[in-house]
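Quick mapping for you: the protein sequence lines, in order, are chains A and B.
Residue numbering for the first sequence follows the numbering used here, starting at 7 and increasing by one per position.
Residue numbering for the second sequence follows the numbering used here, starting at -16 and increasing by one per position.
Derived by calculation from the structure, the hints in this document are not laboratory data.
It is possible that some hints are incorrect.
[Stated by the list, open to error] Distance condition first, Cα-Cα at most 16 Å in a straight line; then the derived EDC-like pairs of lysine to aspartate or glutamate: (1) A:71 / A:32; (2) A:81 / B:420; (3) B:306 / B:420; (4) A:71 / B:-5; (5) B:-4 / A:24; (6) A:64 / A:31; (7) A:82 / B:325.
[Claimed, not checked] The calculated label-pair distances, taken between Cβ atoms and stated as ranges, are: (8) A:9 / B:210: 57 to 67 Å; (9) A:57 / B:-4: 32 to 42 Å; (10) A:57 / B:20: 20 to 30 Å; (11) A:47 / B:-4: 18 to 28 Å; (12) B:211 / A:9: 49 to 59 Å; (13) B:309 / A:47: 17 to 27 Å; (14) A:57 / B:4: 24 to 34 Å; (15) A:82 / B:20: 25 to 35 Å; (16) A:33 / B:112: 46 to 56 Å; (17) A:33 / B:20: 20 to 30 Å; (18) A:7 / B:211: 34 to 44 Å.
Please read all numbers here as calculations on a predicted model, not as lab measurements.
Even glycine gets a Cβ: it sits at the ideal position worked out from N, Cα and C.
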Amino acid sequence: MNTYRIQMNCGQISYLCEFFSEYEDEQIKTNLLSSNRVQAVFEAMTALHGEEAVKHLKQVFQQSKFGPGLYYTIKKI
Amino acid sequence: MGFMASFERVMEKALVPVAAKLNSQRHIVAIRDAFILAFPITLAGSLIVLLNFAVLAPDGFIAKMLFLNKLFPNLADFQQVFAPVLNGSTSILSIFIVFLIARNIAIAMKADDLLCGLTALSTFFIVYPAYTVVDGANFLSTQWVGAQGLFVAMIIGLLVGEIFSRLSKSKRLQITMPASVPPAIARTFKVLFPIVIITVLFSVGNAIILAIYPNGIHELIYAMIQTPLKNLGTNIFSLIILAIVSNLLWVFGIHGPNTVAAIREGMFAEAGLENLNYVAAHGSAWGAPYPVTWAINDAFANYGGSGMTLGLIIAIFIASRRKEYRDIGKLSIAPGIFNINEPIIFGLPVVLNPILIFPFILVPAINILIGYIAITTKLIPPIAYAVPWTTPGPLIAFFGTGGNWMALVIGFVCLAVSTLVYLPFVLASNKAAAIQESTGTSNNDLPA
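Isolated chain A (complex conformation):
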């Protein structure tokens, strides 16, 4: 199991924080570490490799209720 720090940026960061705080699916588990107005850092535990994990997180958020409307970035730090 790999552990990564994932940084997310968005003008509406609360939507990402709400979604990924204690998020869990078959491939990944995330916990919110810190956040400010436009940025949040999460800890992600996953069997996926770094970029795959980022891709997976982008995909699950894009399919969520608010994902399609928001402009955001997700990257491994």
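Given the coordinates of chain A, work out where chain B should sit on it, guided by the hints.
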């Protein structure tokens, strides 16, 4: 609570759900994605037309620069090789769009997307104006398969996509073949009844419309919906308002360009394509029928990405003495040249920045106006060629006009204007950062 905080709250509580809804509403997404999928074909056509006139025409700007016309006296003869390219791209765009919209709806509704797209294409030609017989041969007009048929294509794509996807899920309408039948055949029989129903429905509908309005559904839709929308789009105020809305949403963390994409395509697609057809026919953007298209935004108001942030980066290098600003500027310049601005948008940040939000919205509006004035005063021709959005700044104006040097100059003027507008805001932002530093608060440390 200050104005900015109240505004942010309104955006968060009211606009985010609306934007999310718009960006996930299957009909809007189907239209938006259909244009996105068709774009490479349009762009390829546009680039080949540009090369045809820039390289192969004796008076083309590249031909003149490289003296190609002197080196190869018969150069122009080769133009006819690429002349038919638009016949396979923008001239048949409605065919692509009707297929793709229906297919996208079927994908969203988990139906057979390929057969749904084909049914929509078939339906498009069921309602198409009848063949004309000339000297015993049948001729089908090409008038409605290109830009002018876009709205009928959109309406039929949406209707067929929706009806097909719903009907094909009904067990009572499915013909189930024995297991020994090959899967491809079983698949077609499964949706045979829905296809028959759609065919009958649209044939009858078309006959009714023809009885009431003999010119047919294409002319009816063109006159009633497409032309008013096109007139709305080819208006400078609409262009500026749409750019402002798009950038305003962007700066509040909402995907502005995606949110307005379906509206933008509806308003500007035909005008842009007509301009491209004009240059293909005349070899020059001078005299193109639509001076105002969304291309003005890309050509003059999007350098560095939304908000014309290339001007912001230059303003930082000129005026900012703060190390973090200059570091972010250095990090942002390379992607910024290719109109990618995530590093500066989230690095400074620009999003939710009460100071930088004003130039971010103001600069594109000013530059659209500069481009518009340059075009309407005939200083430069309209932007008629589609150019990839990652083309560095002023080169979009240059290539978009077919190599007009004055357009390149206007592009640099716009970049200079954007830098000048951003300058005082960068200074103010630096000052605010210094005050926050001295008081021990940071705009970004506030809880989300």
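Taking the hints in turn, this is what the structure says about them:
1. A:71 / A:32: violated (20 Å)
2. A:81 / B:420: With Cα atoms ~28 Å apart, residue 81 of chain A and residue 420 of chain B exceed 16 Å; violated.
3. B:306 / B:420: The hint holds at about 13 Å.
4. A:71 / B:-5: holds (14 Å)
5. B:-4 / A:24: holds (14 Å)
6. A:64 / A:31: holds (14 Å)
7. A:82 / B:325: Distance of about 15 Å is within 16 Å: holds.
8. A:9 / B:210: 57 to 67 Å: Given range 57 to 67 Å: holds, Cβ gap about 59 Å.
9. A:57 / B:-4: 32 to 42 Å: holds (34 Å)
10. A:57 / B:20: 20 to 30 Å: Between residue 57 of chain A and residue 20 of chain B, where Cβ atoms are some 25 Å apart, the hint holds.
11. A:47 / B:-4: 18 to 28 Å: The hint (18 to 28 Å, Cβ to Cβ) holds, given that residue 47 of chain A and residue -4 of chain B are roughly 25 Å apart.
12. B:211 / A:9: 49 to 59 Å: Holds, at about 57 Å.
13. B:309 / A:47: 17 to 27 Å: Check passed, 24 Å falls within 17 to 27 Å.
14. A:57 / B:4: 24 to 34 Å: holds (31 Å)
15. A:82 / B:20: 25 to 35 Å: The hint (25 to 35 Å, Cβ to Cβ) holds, given that residue 82 of chain A and residue 20 of chain B are roughly 30 Å apart.
16. A:33 / B:112: 46 to 56 Å: At 53 Å between Cβs, range holds.
17. A:33 / B:20: 20 to 30 Å: holds (28 Å)
18. A:7 / B:211: 34 to 44 Å: At 59 Å between Cβs, range violated.
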